[in-house]
Amino acid sequence: MRYLMTTKPTDVAPDENLFAAMGAFVEELTASGVLLATGGLAPNGVRLVSSGDEITVTDGPFAEAKEAVAGFALIEVRSEEEAVELARRFRRIVGDGESVIQQVFGP
Amino acid sequence: MSESILPAGVQPAEAGHRDDPHRTVDAVWKRESAKIIGGLTRMVRDVGLAEELAQDALVAALEQWPRSGVPESPGAWLTAIAKRRAVDHIRRARRLDEKHHQLAHEQDQKEQRGRFAEEPDQDDALRLMFLSCHPVLPTPARVALTLRLLGGLTAGEIARAFLLPETAITRRIADAKRGLAEARVPFELPDDSAELADRLSSVLEVIYLIFNEGYSATSGDDLLRPGLTLEALRLGRLLAELAPDEPEAHALAALMEIQESRSAARTSPSGEPVRLHEQSRGRWDPLLIRRGFAAMLRARDTQHGRPPGPYLLQAAIAVTHAQARTAEDTDWPQITALYEALERLIPSPVVRLNRAVALSMARGPEAGLTLLDTLTTDPALRDYHLLPAARGDLLAKLGRYGEARPEFDRAAALTRNSAERAFLSRRAQELAPAEPEGPTLGEAATAFLARDGLDASTVRAYGQTLRRLCTSFGDRYPVADLTADQITRTFTTAWGGAAATTWNRHRSAARSFARWASLGDLAAGLERRTEPPSRTLPIPPDQLAELWSRPGLPLREHSLWRLLHESGATVKAVLLLDVEDVDLDDRRARTPDGWVTWRSGTARLLPMLIADRTRGPLFLTDRRPGPARRPRDTDLDPETGRVRLSYERAEYVFKRTTTSLDPAGDGWTLSRLGTW
Numbered sequence: 005m006r007y008l009m010t011t012k013p014t015d016v017a018p019d020e021n022l023f024a025a026m027g028a029f030v031e032e033l034t035a036s037g038v039l040l041a042t043g044g045l046a047p048n049g050v051r052l053v054s055s056g057d058e059i060t061v062t063d064g065p066f067a068e069a070k071e072a073v074a075g076f077a078l079i080e081v082r083s084e085e086e087a088v089e090l091a092r093r094f095r096r097i098v099g100d101g102e103s104v105i106q107q108v109f110g111p
Numbered sequence: 121m122s123e124s125i126l127p128a129g130v131q132p133a134e135a136g137h138r139d140d141p142h143r144t145v146d147a148v149w150k151r152e153s154a155k156i157i158g159g160l161t162r163m164v165r166d167v168g169l170a171e172e173l174a175q176d177a178l179v180a181a182l183e184q185w186p187r188s189g190v191p192e193s194p195g196a197w198l199t200a201i202a203k204r205r206a207v208d209h210i211r212r213a214r215r216l217d218e219k220h221h222q223l224a225h226e227q228d229q230k231e232q233r234g235r236f237a238e239e240p241d242q243d244d245a246l247r248l249m250f251l252s253c254h255p256v257l258p259t260p261a262r263v264a265l266t267l268r269l270l271g272g273l274t275a276g277e278i279a280r281a282f283l284l285p286e287t288a289i290t291r292r293i294a295d296a297k298r299g300l301a302e303a304r305v306p307f308e309l310p311d312d313s314a315e316l317a318d319r320l321s322s323v324l325e326v327i328y329l330i331f332n333e334g335y336s337a338t339s340g341d342d343l344l345r346p347g348l349t350l351e352a353l354r355l356g357r358l359l360a361e362l363a364p365d366e367p368e369a370h371a372l373a374a375l376m377e378i379q380e381s382r383s384a385a386r387t388s389p390s391g392e393p394v395r396l397h398e399q400s401r402g403r404w405d406p407l408l409i410r411r412g413f414a415a416m417l418r419a420r421d422t423q424h425g426r427p428p429g430p431y432l433l434q435a436a437i438a439v440t441h442a443q444a445r446t447a448e449d450t451d452w453p454q455i456t457a458l459y460e461a462l463e464r465l466i467p468s469p470v471v472r473l474n475r476a477v478a479l480s481m482a483r484g485p486e487a488g489l490t491l492l493d494t495l496t497t498d499p500a501l502r503d504y505h506l507l508p509a510a511r512g513d514l515l516a517k518l519g520r521y522g523e524a525r526p527e528f529d530r531a532a533a534l535t536r537n538s539a540e541r542a543f544l545s546r547r548a549q550e551l552a553p554a555e556p557e558g559p560t561l562g563e564a565a566t567a568f569l570a571r572d573g574l575d576a577s578t579v580r581a582y583g584q585t586l587r588r589l590c591t592s593f594g595d596r597y598p599v600a601d602l603t604a605d606q607i608t609r610t611f612t613t614a615w616g617g618a619a620a621t622t623w624n625r626h627r628s629a630a631r632s633f634a635r636w637a638s639l640g641d642l643a644a645g646l647e648r649r650t651e652p653p654s655r656t657l658p659i660p661p662d663q664l665a666e667l668w669s670r671p672g673l674p675l676r677e678h679s680l681w682r683l684l685h686e687s688g689a690t691v692k693a694v695l696l697l698d699v700e701d702v703d704l705d706d707r708r709a710r711t712p713d714g715w716v717t718w719r720s721g722t723a724r725l726l727p728m729l730i731a732d733r734t735r736g737p738l739f740l741t742d743r744r745p746g747p748a749r750r751p752r753d754t755d756l757d758p759e760t761g762r763v764r765l766s767y768e769r770a771e772y773v774f775k776r777t778t779t780s781l782d783p784a785g786d787g788w789t790l791s792r793l794g795t796w
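Protein chains in written order, with this note's numbering: chain V, 5 to 111; chain S, 121 to 796.
Calculated directly from the structure, the hints in this document are not laboratory data. Just so you know, not all the hints are guaranteed correct.
From the structure, some residues in chain V lie toward chain S, with a derived Cβ separation under 7 Å [as the list claims (entries may be wrong)]:
no., residue
1, A35
2, S36
3, G37
4, L40
5, S83
6, E85
7, E86
8, E89
Quick list of the computed label-pair ranges, beta carbon to beta carbon [claimed, not checked]:
no., chain 1, residue 1, chain 2, residue 2, range
9, S, E308, V, R95, 38 to 44 Å
10, S, R420, V, N48, 35 to 41 Å
11, S, R410, V, T60, 28 to 34 Å
12, S, D421, V, L52, 39 to 45 Å
13, S, R420, V, R95, 34 to 40 Å
14, V, P47, S, G484, 54 to 60 Å
15, V, T60, S, A487, 56 to 62 Å
Even glycine gets a Cβ: it sits at the ideal position worked out from N, Cα and C.
Pulled out of the complex, with its shape left as it was, chain S reads as follows (with noise of 0.2 Å):
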C-alpha cells in the first residue's frame, strides 16, 4: 500500500514511522501526480520526459525533507521543483527553439512576481487523461499508463492489481510512452467535436475497465481487488468534475458509485459470489448509492435532450436496482426496457444476455430462455461462463433440472476464477440427479485418449476436439445422452467460421469417437467440407487481436496492417497508395483498380500516419535513398525525401514481428492479413 515511489537504490530510512517522509511522500505524490506531471507535460511536451523530471522532484523531496521537515504545502512545493527542472531541462536543451525560449521566460517572470506556487491548471490533469487513454495505444497499454501516471500508481503495484510481474508493466509503460512520441499525438485536447467524443469514449471505458478488474477479477483467487475498484472511483469523479457538462462522464461515476455499493454484500463470508437479488440490501452502502444518484441527477442535468448514452442506461439499471427496497419489488419491465435500450445502442451479445435475464424476471423464463437460446450459437460467448450460467438458472427455474446440471458445470469449467468455479460447482451439484448411468462423457473421452496404438499428433489432435466437446456439455454428461443435433451446434459455435481444414479435422476426430463409443452416426448433420487446395489461410482472430495490442506497435505497421486486413486489397495496390489518393471522410483511397476502403481501425490510424503530409508515398521508410541508387520521384516523399515502403522491407517486418504467432514459428505473409 505505501510501497515507495522511488526509483531503485533509495531505500527509506524508518520505514512504518508516522512521520517517515518517505510515507508522506509516497501519500502526497499519489494525490498530485496527475496535476504535477499535468503541468509539466504541457511545458516540455513529451509526456515520458515530464514524468522523469517529477520523479527527479521526488528524490529533491526526499533528501530536503527529512532535514528540512515535510513543507507547509507539500503538493506546491513537488509542483515548484518539479517546474523549475523543467525549465532548466528547457534552458539546457539549448535548442534556442523560440517558443521554448519563451516559456522558460515566462515561468521566469512568474517566479519573480511570486506566483510560482500557483495552482496547477486542473485542465492539464484532464488533458493528461486524454492523452494515457489515447486510442492509438492498445487497451493494456492505456490502462497501465493511466494508473501510473494519473493514479500516482508504482509499476508494483499495478502489476500487483494485475496479478503480472512488474517488469512486464514497467515494459508496457514504457512502451505507451514511446508510442504516445512515435505518434506525436499532442498535449491539446482536439477540436473537432466528434473526435473529442471518441476520445471521451476512450477514456471513460479504460476507467470502467479498471473498475472491472477491480469489482469482478477475471481471474485469480479473489472476487474483489478492491484497490482497483477504489482507483477507478477517484478517476471517474475526477473525470466528472474536470469535464461537468458530459453527461456520459456523471453517469460513468454514477455507475461505479452504485455498483461499488454493493460491494460488501456480494461476497459471502466463504468468499463465492452473492447474486444481486440474494443480496442482504441493509449491507447496501447507503453512502455510495446516494453519491450515485446525486451524479445520475447531474448526468440527466446536463443531458439537454441528447439522447442517452451506453453509461447513463447502464447507470439507470443500476439506480432502478437501488430503489427497490427488496429484490422482489425490482422494476423488472423498467429494467427490460432499458437494456432493450442499451441493446439498439450496443448490439452485443453479452448486452443481450443481459436483457434476457432481465426479462425472465419480468416475463417469467420462458420468455428469458427464448431469447438466450437465440446466443447459444454466437462464436463471441463461446467461451463466456455467464451464458452456460444463466441458461443453468433458467432451465433450473423452470424444473428443467436434468438439462440445467451440465449448464453450471460447463460454466464452472469456463470461469478462470477460483471462488466463482466454486460456487458454480456447488449449484450443480444441488441439482444432482442419482449417479448417471453408464459412463460419462469426461470418461469416454479419457478412455478414448488412452487407447493403444495412437500416435502423439493423433492424440493431440483428437485431444482438441474433445476438450471441447467435454466444456459444451460438461464432463459429467452421460455420453450415452449425446444427440447428432446437439454435436452440430457445438461444431457449428465452436468451429462454424474456422477454415474447412479444421472443421474437417475436428468432424474426423468426432466420427472416430462417436464409433468408438458405438454412439452411432454423432457426425450425421456434418457435412464434410471442400478444402481449396492452396488457398491462404485467414489468420485467427484471437491471434490477431494479440497482434494489435502489441504493445509498441509502430504507428505505420499498425496502419498498414490494419490496411490490408480491413480492405483485402492487394499488398502491392496499398504500398503504392499515395496521400493524396486517400479520402479519410469516406474511408477509401483511389488506385488505378479502382477503389480500397476500410473499417474504423484503419480510420482511426490514418490520420495520425498522414500528420500534416498532403502528398508522397503514404507509407514510407525510415531512410533517405544513397547515392548509388535513385528511385523513382513518385516514389519520395516530396518533403523529406524519404523512400515509399518497399513490399520486401514490409514482408520482412511482418514476418519477424509474427514469428512468435505462427504455430510454425516462420512467420506470416502479409497477404494472410487479407484474407477472412
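The following block holds chain V by itself, in its conformation from the complex (with noise of 0.2 Å):
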C-alpha cells in the first residue's frame, strides 16, 4: 500500500550534517524499494478556488504559511506499522516539526 507523508516547514536552516543524514536515509529507501518519489515543496504558489461557476486565481504567498506542506515523500510500503516506523526515523533526522502520513488510494 502506499502512504503519503507531508512535512510542514520549521524555521530551522538545514546544516551539512542534516543534509547527508537525509541523503543517505533517501539513498537506503529508493534502494529497498520503498521510496517512489519524493520532493520539496516552493513556499509561494498559486491557489484556486471554484464556486458555483467562478472560479478564482490567486498568486501565492498566503498568510497561513505554517499550515502550507514544504515537502512530500510517496512510500510503498506493506503495512501502517512500516510507514510509520519510517516516519519516525525521519522526524528522528531532521529534528522539530511535523509531519503527516496518510493512506494512498487509487490511481
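Make one complex out of these two single chains by using the hints.
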C-alpha cells in the first residue's frame, strides 16, 4: 500500500550534517524499493477556488504558511506500522517539526 | 498483514494498538531481515543457524521494547543483539577453530571501538539472495526460502499467498535450509563468471516467478494477489540496486514496474481480466511507468555492447506497449521483432504463442493463425489455456465463429483460475450459434460411459480418453462434426510420445466410441502400435518433474538419478564411475565400454557432489566398512574410507522414494530412469 508523508515547514535552516543524513536515508529507501517519489515544495504557489461557475486564481505566498506543505515522500510499504516506522526515522533526522502520513488510494 | 513473526506461544499483548511493540518489531523485521540474516550467515556460515539467531534477537526485542520503549534505531538494535548472539554461539561451540576465534575477537574489537551498530554490509543481502535462489534447491523451495529470508515473511503469510497449508511451507523452508547445508553451498559468490551468470539468472527467475504468481494467479479465485507482486517488486528493485552493473537486473525491475503499472486496469470491477488493448490507459500508473522507463535506461546503459538478455527483450516489449498512447498506436512490427529475438534466445512454445499474437496485430489474423497452428500439436502446450484462447480470438476476428467457439470452451475448461474461466465462457457464449443440432460431444461421452454392462475399470480407461477429447474440442462440440483428421491430431498431441500400450488403449477406446455413436471410422488415421513384449517403460515426464522437485532430495540421489536419466547408461556402469573418470567441462565420463555423457541437469549437480575430491568412487555411502567385510581398495574413498554406493542400496532408496509416484505402489527400478 502507498502512503504520502507530508512535512510542514520549520524555521530551522538545514546544515550539512542534515543533508548528509537525509541523503543516506533517501538512498537507503530508494535501494529497498520503498521510496517511489519525493520532493520539496516551493513556499509560494497559486491558489484556485471554485464557487458556482466562478473560479478564482490567486498568487501566493499565503498568510497561513505554517499550515502549508514543505516536502513530500510517496512510499510503498506493507503496513501502516512500516510507514510510521519510516516516518519516525525521518523525524529523528530532521529534528523538531511535524509530518503527516496518509494512505493513498487509487490510481 | 501484520501477523506476528514470533515463535508460537508468544502472543502480541494488545494487537492493533498503534504503539504495540509487536507490530513495530514485525515492520522493522520485514525491512531489515535480509541484511540481518545476511550478516549473520557470513559470521556463522549456516543460514539455518543465522535465522535462529535472528529469531532470538526478535524475542529479546519483544521482552525489552515494551519496558524500555522502541529504541532510536530499531534495525541497528536488532542487528547488534543478533550479532552478539552469534558471537556467543561461536564461543559456546568451543570448536577452538582458529577462524571462529578470530571472528569473535574481531567482533569484540569492533564492539570496543563503538562500531557495533555499523551498517550491515549490503553485499550480505546480495549473497543471501544468491544463496536462497541456489540451483541445488527445487524451484518451489527457492521461492519459499527467498520470501522467508529476504522478504521477512512468515510461513503463514507465504502459505496464504500460495493457497497452501502452512505446514507445507514450513516443511519446504526447513528442507531448503537442510538442502543448502548438505550441499555445502558456500556463502560467497562464485568467482567464475559463467557460474555467477548462472546463479544470477536463477535469482532473476525466482523473483519473476513470485511476481507472476501474484500478477496472474495460476489458481484460486482472485486474478491478482497484490501481496506477491509487491514482494517481487521490492526484491527486484533491491537486486538492481545491489548488482548495479547487471543489465538483466535492471531489465527485470523495468519489466515488473511496467507490468505492475497496469494492475488497476487489468481487471474489471467484476474481477474478470481486461485484455491489454481494451484496458483504459488512463488507469495505468504513470509513476510506475516512469520508474520502469528509468530502470530500462539503466539496463541499456550497463549493457556495454553485450547482446540483449531475455529480460531486456521482455522489458522492451513492455516499454513499447507503455509508449503507445492508444491501443491503435501500438508499434506491433517492433513488438513482433522483439518477440522474434526473444524466441531465438528462448525457443519456447509460449514465446512463439506470444509472437503469433503480435504478428496477427502487425500483419493480420491470418498470419498469426498460421504461426499458431504450428503449435497445436506441441505436447508442451497440451493443457495451456492461452493457446485455444488465442486461436479462438483470431478465428473470431476472421469471422470463423463456428471454429472460434469450441476454442474458447476448451480454454475455459483448461484454466484453473475462476475469474478467467468466467471470462472465456462468456466469450464462447457471445459467439453462440443456435443450439447445435444433434447431441454434443459431452452428452455423447456421458451416455457412452453410462451404458449397462461396462465394468468399472473399462469406464475408468474409456473415461480418460473421452475426457481428453472433451477438453480438446469442448463439451459442446457437435459430436457429428468430428472428423478422423481432428482425432488423429488430438491423439498425436496428447499421446504421440506415450508408450505403445497407452496409445493402443486410447485408440481402442476411440474406436469403440465411434462405433457406438455410428460416427464412421474416426480412428482411421490411428495406426495400431507394436507393443514391445517386456520393454522397460519410461517414467512419464510429469512424474519425473515431480521427482526432481521433491523438497530435500539428497544431493547424491539427485545427481545419480539425473545422471542415469540424462545418460541412459546402465546403473552398473554409472555406479562404477570414479571421480578421476569424470570430465566436467565436456560433460562426460570414461567407462571401460566407452563414454557416458550427460546434460545440464547433471552438469549443475556433479561439481557439488564432487566438491574437492580428486579421486575415488563418484557415488559413496555414508558409512565406512565394518571390520568383517573389507571391500576392495578401488571401492573405498581414499580420504574418508567411505564405501562405493552399492547397486542394492541405490535401488532400494529409489524404490522407496518412488513408491508414492508408482500407481502400483511398488516403487520403480533405477533402470527406468535411463529409458525414454
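Hint by hint, here is what the structure shows:
Interface hint status for A35(V): upheld, as the beta-carbon distance to the closest one in chain S is roughly 4 Å, under 7 Å. The restraint placing S36(V) at the interface with chain S holds, with a minimum CB-CB distance near 6 Å, inside the 7 Å limit. A cut of 7 Å between beta carbons decides the hint on G37(V): the least distance to chain S is about 3 Å, and the hint holds. At about 6 Å, the closest approach between the beta carbon of L40(V) and any beta carbon in chain S falls short of 7 Å, and the interface hint on this residue holds.
For S83(V), the shortest C-beta to C-beta distance to chain S is roughly 5 Å, which falls under 7 Å, so the interface hint holds. Taken as an interface hint, E85(V) checks out: its beta carbon lies about 4 Å from the nearest beta carbon of chain S, inside 7 Å. Interface hint status for E86(V): upheld, as the beta-carbon distance to the closest one in chain S is roughly 4 Å, under 7 Å. The beta carbon of E89(V) is positioned within 7 Å of a beta carbon in chain S (closest approach about 5 Å), and the interface hint is therefore held.
Distance hint check: the CB atoms of E308(S) and R95(V) are about 39 Å apart, consistent with the given range 38 to 44 Å. The beta-carbon spacing between R420(S) and N48(V), approximately 39 Å, falls within the hinted interval of 35 to 41 Å. Roughly 33 Å separates the CB atoms of R410(S) and T60(V), a value that falls within the hinted 28 to 34 Å. Taking the beta carbon of each, D421(S) and L52(V) are about 40 Å apart, inside 39 to 45 Å as hinted.
Taken as a hint, the range 34 to 40 Å holds for the pair R420(S) and R95(V), whose Cβ atoms sit roughly 39 Å apart. Checked against the hint of 54 to 60 Å, the C-beta distance between P47(V) and G484(S) comes to roughly 58 Å, which is consistent with it. Distance hint check: the CB atoms of T60(V) and A487(S) are about 58 Å apart, consistent with the given range 56 to 62 Å.
Of the numbered hints given earlier, the model fails none.
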